[in-house]
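Visitor: With the hints as a guide, bring both chains together as one complex.
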Amino acid sequence: MSSAGSSTAPQVREAPGATLVRLKVEQASYAHMATDRSAPTFTLGPISFEAEGHELVAILGPNASGKSTLLTLLAGLNKPLSGRIEVDGSEVSQLDLRLRAQRIALVQQESELLFPLRVWEYVLQGRYPYGRRLRFESDQDCLFAGNALAQVGADPLRDRWMDQLSGGEKQRVILARALAQQPSLLLLDEPTQHLDIGGKVELLRRLRRLADDNRYAVMVVTHELDLASEFCDRVVLLHRGRCLRVGTPAEVYERPLLEEVFEAPLQVEMRPNGRPRVILQGS
Amino acid sequence: MRPLTARRVALVCAALGATLFVAVVISLRMGAYPISIPEIVMTLVNRFIGRPNEIPPDFWNVVYEIRLPRIALGILVGASLSTAGAGFQALLRNPLADPYVLGVSSGAALGAIISLAIAPQTAGMIQFAAFAGAGGTIAAVYFLGRRGGHVDTATLLLAGIVAVSFLSAVIMFLMTTLPGREFRGMAFWLMGDLASPPPIRSHWLYLLLVIGVGSIYTTSSDLNLILTGEQEARHLGVNVNRVKIVVYVAASLLTGLAVSVSGAIGYVGLLVPHLMRMMFGSDYRLLIPTSALGGAILIVLADLLARTVVAPTELPVGAMTALVGAPVFIYLMRRRVR
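If you read the sequences in order, they're chains G and U. Just so we're aligned, residue 184 is where the first sequence starts under my numbering, counting upward by one. Just so we're aligned, residue 3 is where the second sequence starts under my numbering, counting upward by one.
If we strip away everything but chain U, and leave its shape as in the complex, we get (with noise of 0.2 angstroms):
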């Protein structure tokens, strides 16, 4: 018997921090312009210890005005779609739940093309109707997934399809009758990539981040519970009702964040939970910080391919995680059905 301790999962993070911080650095590497290892090191250093005067101005250019800004966007992108992922597997009791599968990516995408057709000024206007946008999509799916009082595998995946087809549709419709049509094509908001960080740039993105991860960790043990059993987690003490609750706001609002700045990216929330569920076992008090590093880590190494796999033209980073997240969707489901 060997219960979690918060050592290991400072352990497995610091472990994960570390892959992170690699990955990165291979992004960063990796582009038109040459930059080795040793001088992008020396440019994050240098800034970091407080002398950016003695990087190169190509460098800086290069590393904090066009990699960086990036990779940070894929970090922010990932860690909130993995965690709203995981959120959303517990919440639903579903191992299949993702926030695109369940439409609630394309509910958020048209949240935000509607604040930006009518508010385009307003900042944080766009995040607030993405978050709106998320929410009243997943609730919609719930309602429509029940059936005879419990949530049922199969009708709630088929009321995800319809919510992605129906909102899709919407989405199509909006992009071509609406007037001032220059926020982002179709493909963005459909499909998703990084290729443009958002207009705001600013730190309140990850402060969100931060409080999204954040309560959904306050709730992780609650998590491990619920996810035996609701009627039994109610019984051995954990208030099923409020857990819910903020597991349903914070992974919302984590789909929202990420789709605000990065269109409907796919599978991210379904591949990485079950990667780590695999590597470190089902315990929510490590499958959620391990899901946001792990998240984060992925999207930056699908952009990194779908930015040089075909150079100079660039892939959506959104069709590169669907090309592995749809087979891996395949196998898990076939799986259950077994």
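In isolation and in its complexed conformation, chain G is listed as follows (with noise of 0.2 angstroms):
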């Protein structure tokens, strides 16, 4: 089977052992064009940095900042203006579209399914990008999705349908059904927007894990400052399309550089694990 080829080209890719740098942005920028008269043109960037494979690396900033659209960026859905965005030593743009999904996998808002489709159906459409033109999946396939279901913990949801899970466990498919593109970049849009309390911890836990576990760069858009400052290696703050800073969250989460961006009084507190802990203040 063809997969059988491709599917140990990730293993092929990395060293064992060594840091990997599997995301490089440099002076990326993109411009927004207008296509509604009432849309505002909006430009982001040039933003520079990078991931290794075992980062988790969020993506803070309030609405309209430009997360999204860097997202967009780096999934190579759009090209940037200038600079240069490389996934494994590739530039994302140039990547053949087959190609660009075996390593980067986009886990976005869901969307709303025409026709009902069972959990295992919907894993497996990861593997899409690893088979040829209609090709049957193969057992391989299934192992691969199988293990992706296992992975996020939704194995006892294989055989229910898409459209009659809870958020949670739809979030858990989605984010299963990416890990069976066997990505080296996994890329996540405000993954815990309609998650409880409850479930955005576990799930970060979760992507924790699976960086850890897996040697993927994961990248997390969010809003959620105290979770990022939890969980994640690293911090990419926006403002207005611009980059401000980037760095652990101990480095980025200074109270007046916080309080200008989210315009919000805040206070930033220092944690002995060397995390900070932002706290609202209401007057």
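Mixed in with the good hints, there may be bad ones.
[Said to hold, decoys possible] Some chain U residues judged to face chain G by a derived CB distance under 10 angstroms, without partners named: (1) ARG4; (2) PRO5; (3) THR7; (4) ALA8; (5) VAL11; (6) PRO71; (7) ARG95; (8) ASP224; (9) ASN226; (10) LEU227; (11) LEU229; (12) VAL240; (13) ARG287.
[Stated by the list, open to error] If you want the footprint, here are the derived chain G segments under chain U, 3+ residues with CB under 8 angstroms: (14) 298 to 307; (15) 319 to 325.
These aren't lab readings, by the way, just hints derived from the structure by calculation. Idealized CB from N, CA, C, for every residue including glycine.
Guide: Dropping the structure here:
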């Protein structure tokens, strides 16, 4: 099966033990051309940062700061106006579509399904980039899909219908489909949005573990300052299309900076584990 | 976890193929001239094994001159319209899409009428004109149905309704004013029937059917992903624009092909793919071939009813499909709205 050859590709790309730069963003910028007269033109960047395998990186910023735009650039859905974005040494916008899908997986907010689909069918879609046209899924594809489901703890859901899952369950299944792609870079667009606090912590723990175990670089767009501080290795702080700072949460979470960006009175407290905590101030 | 296999596709298609064969034999049996099923099988087998001389001339006439051409036409039309419907449903991400409801069939009929008026003798011209009419209509309906950058179900269906009534009016206008109106009546182009097999009864019509169904089939695993979301499909490595162009051209071709020989038969493209989804699931790698076969079965049986229920008078087959199709359409629409 052709998938046997390509599925070993991620192993070939990585040298055991070495830290590996998965994602390299160099002076990337983007200009959003308004299609409607009402929408303002938005410019992003230039932005530079790197993410290594094992790393969990948060993209933080208030609404309309360019988080999602940055994500579409990283995912290769849009081509940067200038600069370069490389995943495993290849420029993302130059990659063939299927090759790109073998390296980058994007978890977006769920879209409406037109026809009912079982969980396992949905997760198997993640194997698409490894198949040829019309190819029927091999046993190996099922194995990868099964592993992906197990990794997110969604094994018991496999025969359920997608439209009968709760928000948290659906989130895990969507994540499983992305894992079935065996990517080097895992991108998540506001994955905590519809989850309760327990679900949020569970998801971030899971992402942390996935990054540690699988040598992915994981990038998460989020509003949750405290969750990002607790679980992420690094933080990219965006404000009005500009990248203000990149670094560990301790380096980025400075009271004046956060207050300016989020336009709210805040307090930053350094905890003993070296991770800052943000406290909202009512008055 | 039991993914779809080529074996399952082959088995299901074989079963549907057998059902189609049974439907064809029953349809051959029914009619004014009495002929028994063993006689029909004998007539078919003898020709198949190359001994046509052993077939009595009466049987030959009834089977090969009268009933079979009409049945073959039904197979062509049913397979084309169903596959086109399944294609449009994926392309527009709309489970209620159907060539007739969207006005694509009316556009094809208009194209066919114009070609008959301008160049009645040119071979293949009517099919090409019907294809152009279908392609033009679906493009127009698609752009009318867009709101704020994406296709909205209700707006799209309204655009379809508008297209149907506008194009029907143009057809009526042309049919009443054009000189040389001997090319089939208005009812044929607006309702559709199989009573008059096409003037050019050649194999290339079936070749077009195979090309159309085949091209959509090559995109079927891409369509599976497009149905779960275009953006997501793009991100999973699907070349969405290429797939859309292939399906758009092929579905227009199939609609044009069907309408050019049978007029605008409605609801087949809606009924059959939904029925097949209920029976075999919504994987397009199975849905496309089963829709083609199921459409053939449906039209063969519908035409059988159309020419037998009030015999010796014949109903247009389009009336039969609309009788069944319209209530199903309402049901599907209400279920979606709920």
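Visitor: Next, verify each hint and record whether it holds.
Guide: Hint by hint, here is what the structure shows:
no. : hint       : in the structure
1   : ARG4       : 8 angstroms, holds
2   : PRO5       : 4 angstroms, holds
3   : THR7       : 5 angstroms, holds
4   : ALA8       : 5 angstroms, holds
5   : VAL11      : 8 angstroms, holds
6   : PRO71      : 34 angstroms, violated
7   : ARG95      : 6 angstroms, holds
8   : ASP224     : 8 angstroms, holds
9   : ASN226     : 7 angstroms, holds
10  : LEU227     : 6 angstroms, holds
11  : LEU229     : 5 angstroms, holds
12  : VAL240     : 7 angstroms, holds
13  : ARG287     : 6 angstroms, holds
14  : 298 to 307 : holds (count 7)
15  : 319 to 325 : holds (count 4)
Of the numbered hints stated above, the single one contradicted by the structure is hint 6.
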